[in-house]
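Going down the list, the protein sequences come from chains A and B. Going by the working numbering, the residue at position 488 of the first sequence is 495; the numbering climbs one at a time, nothing skipped. Going by the working numbering, the residue at position 634 of the second sequence is 641; the numbering climbs one at a time, nothing skipped.
The set of hints was computed from the structure by calculation and includes no laboratory data. One or more hints might be untrue.
[What the hints assert, rightly or not] In the BS3-like style, the derived pairs of lysine-lysine whose C-alpha atoms are separated by at most 27 Å in a straight line are: (1) A:K238 to A:K253; (2) B:K825 to B:K238; (3) A:K744 to B:K253; (4) B:K253 to B:K825; (5) B:K510 to A:K671; (6) B:K658 to A:K671; (7) A:K861 to A:K847; (8) B:K825 to A:K670; (9) B:K636 to A:K682.
[As the list claims (entries may be wrong)] Stretch by stretch, here's where chain B covers chain A in the computed footprint (C-beta under 8 Å, at least three residues): (10) 729–742; (11) 787–798.
For every residue, glycine included, the Cβ atom is placed at its ideal position computed from N, Cα and C.
2 protein chains.
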Amino acid sequence: MASKEPKQVIVKDSINILSFDDGFRHFKGQKDLMRETLGGKGAGLAEMTASGINVPPGFTITTACCRSYNQAGGVIPDGLYKEVFQSLRSVEKTVGRRFGSTANPLLLSVRSGAQFSMPGMMDTILNLGLNDETVQALAKLTNNERFALDSYRRLIQMFGNVVLGINKEEFEYALKTIRHSANVKVDNELKVEYLRSLIDQFKNIILKNTGSPFPQDVKEQLKTAVEAVFKSWNNPRAIYYRNLNKIDHNLGTAVNIQAMVFGNLNDNSSTGVCFTRNPSTGESQIYGEYLSNAQGEDVVAGTRTPQEITLLAKQMPEAYKQLLSTIANLEKHYADMQDVEFTIENNILYILQTRTGKRTVAAALKIAVDLVKEKMVSKEEALLRIEPMQLNQLLLPSFSLVVKEKAKAEGQLLAIGLNASPGAAQGKIIFDPSYAESLANQGEKIILVRIETCPDDIHGIVAAQGIVTSRGGMTSHAAVVARGMGKPCVAGCDALQIDLDAKQMKVDGRVLKESDIISIDGTTGEIFQGMIDTVTPKMSTEFNTLLKWADESRRLRVRANADTPEDAKISRQYGAEGIGLCRTEHMFMNQDRLPVMQTMIMADSKVERQKALAKLLPMQKHDFTEIFKVMQGLPVTIRLLDPPLHEFLPKLEELMTDPEISKKQSLLNKVKELKEANPMMGLRGCRLGLLYPEINEMQVRAIFEAAISVRKEGIKVLPEIMIPLISDVQELIVTRKHLEATARTVMDEYGQKIEYSFGTMIEIPRACLTANEIAQYADFFSFGTNDLTQMTYGFSRDDAEGKFLTRYLEGLEVNGEKVKIIANNPFEVLDRNGVGKLIKLAIEYGVQSNPSLKLGICGEHGGEPSSIEFFEQVGLTYISCSPFRLPIARLAAAQARIKNELNGDSRIYDR
Amino acid sequence: MASKEPKQVIVKDSINILSFDDGFRHFKGQKDLMRETLGGKGAGLAEMTASGINVPPGFTITTACCRSYNQAGGVIPDGLYKEVFQSLRSVEKTVGRRFGSTANPLLLSVRSGAQFSMPGMMDTILNLGLNDETVQALAKLTNNERFALDSYRRLIQMFGNVVLGINKEEFEYALKTIRHSANVKVDNELKVEYLRSLIDQFKNIILKNTGSPFPQDVKEQLKTAVEAVFKSWNNPRAIYYRNLNKIDHNLGTAVNIQAMVFGNLNDNSSTGVCFTRNPSTGESQIYGEYLSNAQGEDVVAGTRTPQEITLLAKQMPEAYKQLLSTIANLEKHYADMQDVEFTIENNILYILQTRTGKRTVAAALKIAVDLVKEKMVSKEEALLRIEPMQLNQLLLPSFSLVVKEKAKAEGQLLAIGLNASPGAAQGKIIFDPSYAESLANQGEKIILVRIETCPDDIHGIVAAQGIVTSRGGMTSHAAVVARGMGKPCVAGCDALQIDLDAKQMKVDGRVLKESDIISIDGTTGEIFQGMIDTVTPKMSTEFNTLLKWADESRRLRVRANADTPEDAKISRQYGAEGIGLCRTEHMFMNQDRLPVMQTMIMADSKVERQKALAKLLPMQKHDFTEIFKVMQGLPVTIRLLDPPLHEFLPKLEELMTDPEISKKQSLLNKVKELKEANPMMGLRGCRLGLLYPEINEMQVRAIFEAAISVRKEGIKVLPEIMIPLISDVQELIVTRKHLEATARTVMDEYGQKIEYSFGTMIEIPRACLTANEIAQYADFFSFGTNDLTQMTYGFSRDDAEGKFLTRYLEGLEVNGEKVKIIANNPFEVLDRNGVGKLIKLAIEYGVQSNPSLKLGICGEHGGEPSSIEFFEQVGLTYISCSPFRLPIARLAAAQARIKNELNGDSRIYDR
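With the rest of the complex left out, here is chain A (with noise of 0.2 Å):
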């Protein structure tokens, strides 16, 4: 396997020890320096530490250390002990306490910390500096003796499994074997004589090990704890999860040496977590819990209950002030709620740890709308910290989290497909659409189940609350449809064996019928027996807050793909400045258009299909009509039909076993004579409207008929024709030439003039190649990335998802090894490296023939960030996206222009 290449170390070599109080002052404030040099977590010990925070004082080897270390083959480097009890001897002064005193010991802690946070990859060592005698001081000290062997047994048990290679087990074992002897659950209740007599096994298995006594010099140990740090840079957990992330494996991790302090000394002694924020609501005030006379261990552990953090008042008012005033210092040092570790011994505040809170999403909102109103952040900043895509959870209906755990605990999962349209529905089975149509009108909540839709099932689905099918992919018919609506839907769950004919569907050995209740996700695929209660979404202030300052900071327009009124009036809602995508076919989809579609295609001349055409041009001319009304002169990209014709015919299977099938044999023919191998690759797009044109021209008068009706309402319309599946520029002069004729036929009828433009999906790779002859005919290019995925990829969506793709994202067995083929899936990610470089190509091409060329997006990367931020890059005019992402999308648009904005506005043109 390939690692990336080596970024270039630029860390200066010749510090090897810098104490906590030094380290921020020594950088001068080179964040970026001082995090490669102390790691991450010494960092943040100096920065907290120059910022007046009291933390326990201590100390950091630096990663160059390490680099020399296992540069010289596993070799300490000179006088690197000798600097180290130097140091040392600082902290002693600072806490008055002597590392292995037999009076006053000073405890250690040493802890791994490399520039990139690396969880897992070495324990901490805590407790460093006890042995047979200063544990005795320790009990003394402490008043504890139970706390100190505890302390003690702690220290050796780590030391032999981190420091000495010692499998857990064994001390596990002895550990389980005493408790059983003591009849004791947990740890905790151990009392001191069985803590020494553990004491004495936990030595005897380091000696069986090792050969060697547990070291009693307290030097010997701090060496032993450091070399074992330096040594876990290079274990196989490390290695493997470096490679994972693409770290270099020349980095070396940082040594932190930091005295202890015991939140158990007294009473007036204490430990706690809190945060500066509400983490789930955003609201500014106190928010943790703490347990008194207790070590940070005691509070996970859960054996006491930790006290709600405001009583902390009651019980040491001096310290509850000073910790209100250090964490406020800390959120205003990092101008963001944080995560705080404290201890309180004897009555002093120590801050061991201080990060970023995590959040759920109406807090994250609420805050970073506060922090700007506290002045504390820029409006940019703020719109930096929400995660775009975490604004779904505030749109769709979702089942919570708990809720969810809940059930399946209770066994209600039944399967899980494929999460092919976001948001949590539940209803009754239902599988025959017009059932589910008639039980709807009566109020009933319905979950539609179909093997697989097709254009027939249109209206069933229109009525269900969400859709279940057995088969189909990401961009099945049922999919493409209910992400349209915005509906939730779980697609080719083949876990369900669907009978319609029973009227029932198994799934892993249960049976569920037609009315049985089921509630599914669309969000994680997940589908779930009997009803499971919806969280409703709002919209807080914060939320519109938010992304008004988002239309205020982004270049890129937010368009919405559109096929129908209401889905344009839910545009405008949520932002849309115009549709950058509606789709025409699937307006012939509704149950009372198909038939007159199906005869169209049906018919064997042309007089016969443009028969058919007049019937379908009024309504397509109706729904035309209510859009331009909805958007009110906003501009409306319309696309000309672009399926295969035979999506709008039932499938050949059905037929071949379709019992009327004699009555049915023209259809049966047609259905064979339209059959293709690669449909997707066919008959369809622009090539279907060179060969018939005819319905071309029915959709160009209709556009342009309902402009000029809508005009004479006063209202403004602005259309833009576009065509679908360009691969060569001779097909769009000469459709052009044609649409061109036509639209000034309707018009010259209606001595009317309507301004409209004419442009191309760019979705097919040879378009990319030849935008500069496509360019001279279109006035704008609207990326078609989901066609353009499939075609650069040699991915067909429909089989990659299901058959291999999902592998690839997955990883697959190599010696052992699971590799990731791919690491995002690139119809949700837009692939940079290939997709990206086509569409880089098309737009230096399309721009270079055609100067004011708009260029727009509307595949489903239209509304995903990293994707956006891609966009923006390249200098977009637009995107445009299905209208529940228009949100996400227009912060991701946000996000990307400030970013790009901090790099160096590195966009390549502007459109």
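Once you've looked at the hints, dock chain B against the given chain A.
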């Protein structure tokens, strides 16, 4: 429609007229400039005159004059006519006759002649200079009043139509009427009195149409004729022709004015046409015919039977000697066989035209080789003279054109399908593959006729002379297999209604039953009823000589696409320097192997799959062993399994109507499970090998076991393992790592080391775009231009060719005009503009990151000359094509190299 950007016109505008005498000298041999200024015809006349050939004198008005005329909006340049009459004086002097003389009149021809040949743009005007008086003089001079009058009426007719724009029909009607009155059938038989009457009638037509009489002033005649030629440049036919051929509308035409000579002056006069060599056989001897006392049009009219040219030696020995030496000079001058028109007037030989003579392929080969021997042309020049595709005629059995025309006249042509695999064949119609096999074993000639074929039919295909299918495109199973075997195939002939149960087919009302004879032409797609004899191919000495020269000249190595030892043998006969594509899947399609393959596919576990694979291993090893033996150390590129697994199983629709389906439920389930929406872009190629690594493993084991066993016999082996359908470098990394481990295992088992290389097909756009990454893990790239074209265009070949590509190539009706959407079928001629751009990118990126990368191509374009020219330009290492295309490829590769060097060797890379 967009016209191409006008070429920069570099003609000097200062010269208005050049005589044939002066033309060549004036341009000092700058033939291109001469052609631009004098037009093609004028330049030819000037060049012949300069070479001392006796050409009737004359002069050319330059194209610049026509341009001035057009730019000025139809005004004759100042003083042009004055110059015309000045130039005419020297013609009169040379000929000794005077224009308009009533004693010894000079007659003239006036002809257009542009830089590029534009047939049908404008007719010639002959006999200019005749009027009521000079016609009498001509009658006296020729002692032939009928001839003189006939010439006069022709002048009036041509002048009326061509110069004055009067409808042809009016003259034709008068002529018809008079023929009727005179009771004769052809014009030649009209007596003098009728001709006089006709002349009067023609004059009246002109008077009636134009209001003016036919000009008796010969100068007026000439001036009007010249202006008419200028005007003809912008007549609709000419504009249409130029649009079609992308000729610049600004070039203008020249006008040639030349003295007429008379082969019908007396018995010492004659006229004829001759070739300098035999155009059928290429033998170096004069070939042609003549008529004495006749004019050129009489030879064409066929009223008198012309005489064999050598008879002229007796009749006019002097003139004949003159003719022989003149045409010898012409051939020498043009360094090619000439087709010469001549007239002898009173024992004096005039050459009216010479041009390169058309010839058969056999003649072309002989002439090219002879010309080199005669030191008239270089080997390179000779190589450039042969159209590579024509070699096909010499390599495949074919129907002679004459025989086919006869068959068509007799209604034997049944239908025309896709010309899926070239060559001619005849035999009995057999619908069942097994029956076909048993009949063939009895020595019968069979044409296998199927709706479509599948792997189950392979034994029938092997047994048949040719294959016909009613469904499927150029990449359907039948087409691919037939091309691979060099067997004629007509595919997708949907006019055939095949009824397999009734064992008959209907076509256009006719019913053909089993065992009826048909003949098929796979080169044209024609299917004939009955037996049509074929011409068997012969490889002449010249054929081999020329190919030897080609091999010396070319840089590109030439390999074959060969899947079997038989193919490999043929390949070597035709000069293959290796195998560029050995498709391993065809090895599984034999009747005895397919069941094992199907067991492998039906297997539910890896273990079961491995069991079936273990049975396939020795079969595959055997194939490789035989192929390696044939190739004797030449490189053999073996592509691992590529097609989707369902191609090895029966089709779903067939299964659904199978009466025994109840017994085949598990097969049906598997077929349903493997069914794909777009199999071309589904689970195939390297994706298969990644999901089922045991398949690849077996194949690689077979390759290495075979290589080791062959090398033990002292034969060199050079296997090149090729992974298909890479879209991301990770696919290659993982596959290569896994398979190289397998290779090492086998080599270790046998204690042998085999030299091999490991590469990939580049057939997906993304592979081109990320070639820099891929090349780091590939020793070679082999461009799979078939799939690359499919995905770059978004054309599924199977669907496109039947459904819309043919229409794109024929042209679509747009506003009453037929417009071609695509000039060439991109599956035949490589699309340089799109696919070519991707190939160039891939080469650039690939060589950048792996300078020793070998580059080949194994799509069908590897055997197509224009594509080969491109492959030479981009510097591929080798091309690979079907065995029967090898001679074409060798010649085309030589031509490409020669042309490229003539153009300053513009190759991008030289692998």
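Now the hints, each set against the structure:
1. Taken as a hint, the K238 (chain A) and K253 (chain A) pair is honoured in the structure, with Cα atoms around 20 Å apart against an allowance of 27 Å.
2. Between the alpha carbons of K825 (chain B) and K238 (chain B) the distance comes to roughly 26 Å, so the proposed pair stays at or under 27 Å and holds.
3. A threshold of 27 Å between alpha carbons decides the hint, and for K744 (chain A) with K253 (chain B) the separation of about 19 Å falls inside it, so the pair holds.
4. Distance hint between K253 (chain B) and K825 (chain B) is fulfilled; the C-alpha atoms sit about 15 Å from each other, no more than 27 Å.
5. For the hint linking K510 (chain B) to K671 (chain A), the alpha-carbon distance of about 25 Å falls within 27 Å, and the restraint holds.
6. Between K658 (chain B) and K671 (chain A) the CA atoms are separated by roughly 22 Å; this keeps the pair inside 27 Å, and the hint holds.
7. Our distance criterion of 27 Å between C-alpha atoms is met by K861 (chain A) and K847 (chain A), whose separation comes to about 14 Å.
8. Between K825 (chain B) and K670 (chain A), the direct Cα distance comes to roughly 40 Å. Violation of the 27 Å bound is thereby established for this hinted pair.
9. The hinted pair formed by K636 (chain B) and K682 (chain A) fails the criterion: a straight-line CA distance of about 45 Å is larger than 27 Å.
10. Using a Cβ-Cβ cut-off of 8 Å, 7 residues of the region 729–742 of chain A lie near chain B, which meets the minimum of three, so the contact claim holds.
11. Here's how the region 787–798 of chain A fares: 3 of its residues keep a CB closer than 8 Å to some CB of chain B, so the rule of at least three is met and the hint holds.
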